[in-house]
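Note that the protein sequences, when read in sequence, are chains F and B.
Mapping of the first sequence onto this note's numbering: residues 37 to 733, in sequence order.
Mapping of the second sequence onto this note's numbering: residues 19 to 269, in sequence order.
Simulated from the structure, these hints should not be mistaken for lab results.
What you are looking at is a predicted structure, and each value in this text was computed from that prediction instead of being measured.
Among the hints, erroneous ones may be present.
Said to hold, decoys possible - In silico DSSO-like cross-links for lysine-lysine, where the CA-CA straight-line distance does not exceed 27 Å:
(1) K139(B) to K48(B)
(2) K51(F) to K139(B)
(3) K41(F) to K139(B)
(4) K49(F) to K151(B)
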Amino acid sequence: MTMHKITEKLRRKNKDQYRLLGICIFLSMLLVSSFAMMFFSPSIQEALPPGGDTRKLMWLMLVAVAVGCLLFTLYGSSLFFRQKSREFGVMLALGAEKKELSRQLFSELRASVGIYILSGLAAALPVSYLIWLLFRMLVIDTQQMQYRFGIAGVFAGLLFAVALSLCILFLGIRFIRRADIMEILNAGRKTEMIREISPWSKKLGILLIVSGLFLAMAVPQLTVRLFRQGMPAVWNLTWLVCAAGLYLVILSAVGQSRKGKHPETYYSNIISTNLMRFAARQTTRNMCVISLLVFVIVLSAFWGVMYYYSVTEGGSDMPYDYSLHYPAGEAQMGEEEIRELAEEYGVEMTSFEELDSLELVIRYTGRDMDEQRRYFDVEYEKLASFVSASDFARISGSQVTLGSGEYRTVAAEGSPESFWTDYDCLNAIRFSGSEEEMKPRFMGTVECGNLNLVSDPFAFVLADEDYRRFAEGISEEGKEKHILFNVKHVMETYDFADALKQEMTARATATSNHYTLYDAREEELALAEGRDYSYAGEIDLSPDNPRLIQEWKYAPFSKVLLQAEAMEMVAVFVLLSIYVSAISLTAAGMMSYVRSITIAMDNRQLFEDLKKLGADRAYVKQVIRVQLRRIFAYPVAAGCAISGGFSLLLTYFNDMSLQVFEVKMLMAEILLMAAIVGVMYGVYRGAYRTAGRIAGI
Amino acid sequence: MLQVRHLSKSYTSGSLVYPVLKDVSLRVEKGEFVAVMGPSGSGKTTLLNCISCFIPHEQGSIVLADQDISDLNETELARVRNRQMGFVFQDFMLLDGLSVFENICLPQIIARRPVVQMEEKARNICRLFGIEKIMEKYPVEISGGEKQRTAVARALMNQPYVILADEPTGNLDSKSCKAVIDAFLQAKQELGATIFMVTHDSFAASFCDRVVVLKDGQVYGELTRSGGRRAFMDELLNTIRTLGGDSDDNA
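Between the sequences and the hints, there should be enough to build the whole structure, so can you do that?
Spelled out as structure tokens, the structure:
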């Protein structure tokens, strides 16, 4: 019998401790590495705009999941060391050298931690691939959705593994440095007592959460709108106010108990409450991490829904079901051909309008931001579309009165003014082929989403006489043709819409082969100044190109096409959001489960004592249930409430209004929360059963 | 064998300093069975923890077999604990994952002694304490008395100069308590063990050769057993009563 054999036997006997630590490490590695592999896959990296909000949000979520998983594993490790302390203390008391014991401990840790880290990392690749595959099978399968492996994901996983190992090493060293044998011997039975929690801590916590959300989400938008000054990056620290509030709310939920108006409830829960109070700090930290993960779950899912809605709902308010536009010089489809195609597909047209627009050089005032986040007005020069008042009245069905030298801006239906460009932004319109300009007067807005869609910053309406003056001598290159029509049962006309799109792409020439944001005047100015023009070049005009509608300047608009291809257009983003949600949900579920099991294990003796005092099975069950309910309910409620507030403030302060589709998105978020509650309830039931088994009831 | 000279120890809480041991001196001879008694807060357990070097002391020295163990480094202390001291704790401190036999072997396993001799010795000690039938059992499968006898057996494995016992009968019923005291007496008589026991149990202390009484961190007095056990216990109870302290009387 040697020390090695003794250690081996103790390890076998205490395999539950090792298994728990292993599960924590394996799951953390699996979740973070598979997330990183997915995020750093070239398929995702190419889809995310560089420097865009989506990319920033993804980083935020990756960091949040990594921090959550790290804390989860540290919690598992601290449990491991706590249980190990008795063994360590006995050995020290019997004269074992600390040096020798730490050598054994680290050798054991190296072996077990190493195995679980490598297994987690190894499992991450097939798991990320399988989830991707599942998504393609169940949701959408496009060319863009090919899984491509990115080595950066593995490096990110390795980086996390190093961080994880260092943290466990740190805990191990701290454990060994506790030289006081008495403390080590007592550590397994040591409980922590918190200071009395003030009765106002919950109210203060809620106040801090609301204030934190307001400070972090609303104040930066308000300063921009009121003072034209963005807040510095350090302002993000105001999130800590929210975090402090969350801590207080959870702490009071865990450790506060007063008779108040319901003494029956107080006495009924007295055992559970006091059991939780003895490990309040640890439990609170744990529950805060779970809340953070629930926040990530909801936020990520909401973000996916937001992406989908922003594409599908963008066209639902348009007055025309279909609208096409193309350079007047291009031989595209006319009324007769479109009607023939419609007839071929059995589509009945209910209205049909055609009009011309002039593409004129304008100077307009927009807004930009400098490096100090100061917003300032700047004048831009580019092309914009102009239609005559009579044409607009014809297609919109509403009277437009304009005198010479006046203009109206075409806005989208129900859409609020953007911060970046005011409706009265137009400073001057240049006559074609000359330096002469008109400085028109703003007379308000008119609405037609179909026209608003085709010109940046806006399309404009001119009085007929001004329109005629600008049209004089303008070449075909300076004109565009617009076709707008409605059909019966638009959502049943997908085949016709697809055929129309195919026909248009087939007829498109180099004249119209441009990116959506391409502007001939901007290109001209850039080249004259010797700058590169970023929107130059041709796009893939094949009808199979899933990004055609987003990329092509002259892509036909159709409600049915937009709806049908919306998922294709945002598939990568939706996949990513579902993936992040799934990962965070798994982590949150696991953490809550492990915490519940720990409670049952730690209090096993107390349950026995309660039985000796005459408690029946039902009472012991209730003691367990009350604790588990708190562990599950509070973080889920807090996470959902904070993410709900976040989404509400985000959507409102984005344009200082709530549109119908945004309200729909928020409703969808509530449904998502209900789904999360459902899943967590399932985990709670499982944890309750296992805890009951451990408690012997 | 064991000498405690002018030992002082205090605890601090914030800016307050609480002296727990005040200039305590005592001596335990080879083969002697000595108990320390006293009311709660008198410093009994602190004294034992200082002697074990589990906690540091501020003044004084502890001499074990002519060696001052107060200023030993960690490695030297580990060696002293393994070879020269044996410990018996109130809550047994057996490793649940090891059998009774393996728990008893632990001190020699740590000392890397030859296996054959170690096992032979462990078997002999088990036989001596009447626990050979439970050798293969695990702590969870045996009674409190058996656990403590196992702990006494473990403490004797390396033939230490002294056995330090902290409330060894504190968690036991009177029958088990007697069995553990018998184990100590057997160790003293048959193996010549020196035992230093902290207890508040007058019944257990009445089996000792001598009892040191502590009060408020100081040695209040010493009682040496000269006659029968019952008379000695009465004497102990009277002394404790005059101190106004707590004591269990299992007799």
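Taking the hints in turn, this is what the structure says about them:
For the hint linking K139(B) to K48(B), the alpha-carbon distance of about 22 Å falls within 27 Å, and the restraint holds. A threshold of 27 Å between alpha carbons decides the hint, and for K51(F) with K139(B) the separation of about 30 Å lies outside it, so the pair is violated. In summary, the hint linking K41(F) to K139(B) is supported, as the alpha carbons are separated by about 19 Å, within the 27 Å threshold. At roughly 22 Å between alpha-carbon atoms, K49(F) and K151(B) fall within 27 Å of each other, so this suggested pair holds.
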